[in-house]
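Chemist: For the record, the sequence lines run as chains A and B.
Going by the numbering used here, 36 is the number at position 55 of the first sequence; the sequence numbering is gapless.
Going by the numbering used here, 63 is the number at position 59 of the second sequence; the sequence numbering is gapless.
Don't read these hints as lab results, they were simulated from the structure.
Ideal Cβ placement from N, Cα and C applies to all residues, glycine included.
It cannot be assumed that every hint is accurate.
What the hints assert, rightly or not - Straight-line distance between alpha carbons at most 25 Å, and here's what the computed PhoX-like set of lysine-lysine pairs gives:
(1) A/Lys0 / B/Lys67
(2) A/Lys22 / B/Lys83
(3) A/Lys3 / B/Lys103
(4) A/Lys25 / A/Lys(-10)
(5) A/Lys33 / A/Lys21
(6) A/Lys25 / B/Lys72
(7) A/Lys48 / B/Lys103
(8) A/Lys22 / B/Lys67
(9) A/Lys25 / B/Lys83
(10) B/Lys103 / B/Lys46
Stated by the list, open to error - Partner residues are not named here, just some residues of chain B that face chain A (Cβ under 7 Å, in silico):
(11) Gly47
(12) Phe50
(13) Ser56
(14) Ala57
(15) Phe76
(16) Ala81
(17) Thr108
These are the residues of each chain, in order.
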Amino acid sequence: DTAVSQTPKYLVTQMGNDKSIKCEQNLGHDTMYWYKQDSKKFLKIMFSYNNKELIINETVPNRFSPKSPDKAHLNLHINSLELGDSAVYFCASSVNRATIYFGEGSWLTVV
Amino acid sequence: EDQVTQSPEALRLQEGESSSLNCSYTVSGLRGLFWYRQDPGKGPEFLFTLYSAGEEKEKERLKATLTKKESFLHITAPKPEDSATYLCAVQAGTSGTYKYIFGTGTRLKVLA
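Taking the hints into account, I'd like the entire structure generated from these sequences.
Modeler: As structure tokens, then:
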């Protein structure tokens, strides 16, 4: 009964490939997020969707594209992966844009 | 510019040695301040939300307090299982244009 689940947990891929990370929440929350955590543990928001509508779109390369098919899902697709994309990506959700609950993270390594 | 700063960056304590972690912030329109715990290989786990200066929240050995400029996470008689990275986040802005800003965390190590 995981609240925010994301797959895959680990992903190793070559430069130039396209990959997706999937996220689902079963908390009934109306807002979902993608965060990137770098090697220094700094969490930076990438995107936020509220009721399937994009509300936060920070300055990230347009190789990153979020897709929200419904309120419970927010997937992240990354085109033409680069070495600098290696990081941990966290999906999260909240209700009424209050306390954020995070998934377990997806460790992306680009080689 | 909105900013959240946590100190110290790392902290080593002996079991039972109480201490405090600091989160200072400079933001416009504070809506809430959040504390999270993050274990290695895991996502941040929610601990507390504080909304106004003077507010305090407690959970087991942890107590969070808030002033107009900073928050403290007090750890009383810590145990080795309290070892983790503690993250502070601030939600700021006006209705419809809000944002979350995270600090870089304090890595806590409690030695037995």
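Chemist: So, for every hint listed, does it hold in this structure?
Modeler: Results of checking the hints against the structure:
Taken as a hint, the A/Lys0 and B/Lys67 pair is broken in the structure, with Cα atoms around 41 Å apart against an allowance of 25 Å. Only pairs whose Cα atoms come within 25 Å are accepted, and A/Lys22 paired with B/Lys83 is accepted, the gap being roughly 23 Å. With a CA separation close to 23 Å, the supplied pair A/Lys3 and B/Lys103 stays within the 25 Å bound. For the hint pairing A/Lys25 with A/Lys(-10), the CA-to-CA distance comes to about 19 Å; that is within 25 Å, so the pair holds.
For the hint pairing A/Lys33 with A/Lys21, the CA-to-CA distance comes to about 31 Å; that exceeds 25 Å, so the pair is violated. Of the pairs offered as hints, the one joining A/Lys25 and B/Lys72 holds, with about 24 Å between alpha carbons and a cut-off of 25 Å not exceeded. For the given pair, A/Lys48 sits about 20 Å from B/Lys103 by alpha-carbon distance, which is consistent with the 25 Å threshold. Straight-line distance between C-alpha atoms of A/Lys22 and B/Lys67 comes to about 23 Å, which keeps the hinted pair within the 25 Å bound.
The straight-line distance between the Cα atoms of A/Lys25 and B/Lys83 is roughly 30 Å, outside the 25 Å bound, and the hint therefore fails. As the CA atoms of B/Lys103 and B/Lys46 are separated by approximately 23 Å, the hinted pair is consistent with the 25 Å bound. Interface restraint check: B/Gly47 against chain A, minimum CB-CB distance 4 Å, threshold 7 Å, status holds. Because the smallest distance between the Cβ of B/Phe50 and any Cβ of chain A comes to about 6 Å, under 7 Å, the interface hint for this residue holds.
At about 14 Å, the closest approach between the beta carbon of B/Ser56 and any beta carbon in chain A exceeds 7 Å, and the interface hint on this residue is violated. Nearest Cβ of chain A to the Cβ of B/Ala57: about 19 Å, over the 7 Å cut. The hint is violated. A least Cβ separation of about 19 Å between B/Phe76 and chain A goes past the 7 Å threshold, and the interface hint is therefore violated. Of the supplied interface hints, the one on B/Ala81 is violated, with its beta-carbon coming no nearer than about 26 Å to a beta-carbon of chain A, more than 7 Å.
Satisfaction of the interface hint for B/Thr108 is found here, the shortest Cβ-Cβ separation to chain A being roughly 5 Å, below the 7 Å cut-off.
The structure is inconsistent with the numbered hints 1, 5, 9, 13, 14, 15, 16, although it conforms to all the rest.
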